[in-house]
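Produce the complete structure using the sequences and hints provided.
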Amino acid sequence: MNLINEILNIGAPPFIFFSLCFFLPLFQFLKFSVSILSSIYAEDVAGKVVIITGASSGIGEQLAYEYARRGACLVLAARREQSLRDVAYMCLELGSPDSITVTADVSIVDDCKRIVDSTISHFGRVDHLVNNAGITSISMIEDYEDIIIPTSIMDINFWGAVYVTHFAIPHLRKTEGKIIVMSSSAARLPTPRMSIYNASKAAMIAFYETLRVELGSDIQITIATPGFVESEMTKGKHLAPEGLMNVDVNLRDVQVSALPIITGQRCAKAIINSACRGDRYVTEPTWYKVFSWWKAFTPELLDWFFSAFYLIKIGDSSFNSLSKMILDLPGLRAMVYPSSVYSPGVKTK
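Numbering (our numbering), first residue to last: -3 to 345.
Honestly, the hints are just simulated from the structure, not real lab data. It is possible that part of the hints are untrue.
[Stated by the list, open to error] Heads up, simulated BS3-like pairs for lysine-lysine below, C-alpha to C-alpha not over 27 angstroms straight-line:
hint, residue 1, residue 2
1, LYS265, LYS27
2, LYS170, LYS109
3, LYS309, LYS291
4, LYS309, LYS27
5, LYS285, LYS27
6, LYS265, LYS285
[What the hints assert, rightly or not] Here are the computed distance ranges between Cβ atoms for each label pair:
hint, residue 1, residue 2, range
7, ILE32, ILE143, 41 to 51 angstroms
8, LEU20, MET321, 38 to 48 angstroms
9, ASP94, PHE14, 49 to 59 angstroms
10, LEU33, ILE3, 36 to 46 angstroms
11, LEU22, SER148, 40 to 50 angstroms
A virtual CB, placed ideally from N, CA and C, is assigned to each residue, including glycine.
Here it is, written out as C-alpha cells:
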C-alpha cells in the first residue's frame, strides 16, 4: 500500500499536468460554445414558482424584485412579517402574477418544511429555490463570551439552506428546477474577524458542489459568491460577541474598507441571469475572482496582506487599522459606498 502511494506521489503530478495541457484547451472551447448557446436559450421564468429565503431585505429583497420583473410567482420567506408583506406588495406592482409570504426562521426544521408545504399547497409546484437567508458576525473567535453564540450563524447560513433544500428536492425533480445558493467570496478568503461566517459560506459551497454530483442533471445548481453588496450586512449589522444583533458602522468600515459596494439590484440581476443560463457559479462583481488566484498560487502572501490590512493598529483607537485609514481619505467613501449605507436604518428582528 505504501509503495503504491509513493509511486502515485511521483507519477500523478506530471501525469495530471500533461493531461491538462492536452485537454484543457478543448474543454475551454466546449465550455465557451455551451455558454453561448445557454445565453441564447436562457430560461424564461415567467409564470414559474420561486422560493426565496431571507427575502425581507438586502439581496433577497432585490432578487424578489428582479424575479417579479420577469413575471415569476413568488414565495417570500423570512422572520419579519411586515417587511415581507411590503416586499410582496412591491413584487405585485413590478409584475409578479402572485406573491405569498411565509413568516419563518430557517434555523428551525419545521419552519423550513412549512415554507415548502405552503408553496405546494398554494402553487402546486416549485421551479427555483433561492437559499439566501443569512447573518454575519464580525468578531475574533476569542472575543465571544460563550462559544455557543456563533452556532446560530451556521444554523441559519448553512443548516437553514440544507433544511429547505431537503424538503424541496422531490418537487424540484418534478419540474427539473434549479437551486440558487447564496454563498460569498469570503468563503475562500482568510478575512480576520469573520472566521465563523466564512466557514458557514465555505460549508455551503462544499455541500452544494457535492449535491450537484448526487442530483446529476435532475436539478441544476448555481452557486453565487458575491463580494460586498448593498445590504444590512454592509450597513453594519452583525452578530456581536455577546450574542445580540448589533449595528456598528465603524467596525463595518474596518472590514469593508475601500472595497466598492455594489448595488443589490445589480447583484440580483447578475445572479438570476446566471441561474437562467444554467451557470455553475457566478461572482459579482467578477473582479473578486482575482482573490482566488492569489489564494491558489500565493496563499502566504494573501495571509500577510489580510493581517497587515485589517489587524495592525495605527494609533490607540481599535478602529485605526490600515483598512479604516484608507477609507477615511477625503472623498473616497462617497466613491465606493452607495448612499444607502451612510444611514443604515437597519430593521430590527
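Now the hints, each set against the structure:
no., hint, in the structure
1, LYS265 - LYS27, "holds (22 angstroms)"
2, LYS170 - LYS109, "holds (18 angstroms)"
3, LYS309 - LYS291, "holds (24 angstroms)"
4, LYS309 - LYS27, "violated (46 angstroms)"
5, LYS285 - LYS27, "holds (18 angstroms)"
6, LYS265 - LYS285, "holds (18 angstroms)"
7, ILE32 - ILE143: 41 to 51 angstroms, "holds (50 angstroms)"
8, LEU20 - MET321: 38 to 48 angstroms, "holds (43 angstroms)"
9, ASP94 - PHE14: 49 to 59 angstroms, "holds (56 angstroms)"
10, LEU33 - ILE3: 36 to 46 angstroms, "holds (42 angstroms)"
11, LEU22 - SER148: 40 to 50 angstroms, "holds (47 angstroms)"
Comparing the model with each numbered hint stated earlier shows that hint 4 is the single one that does not hold.
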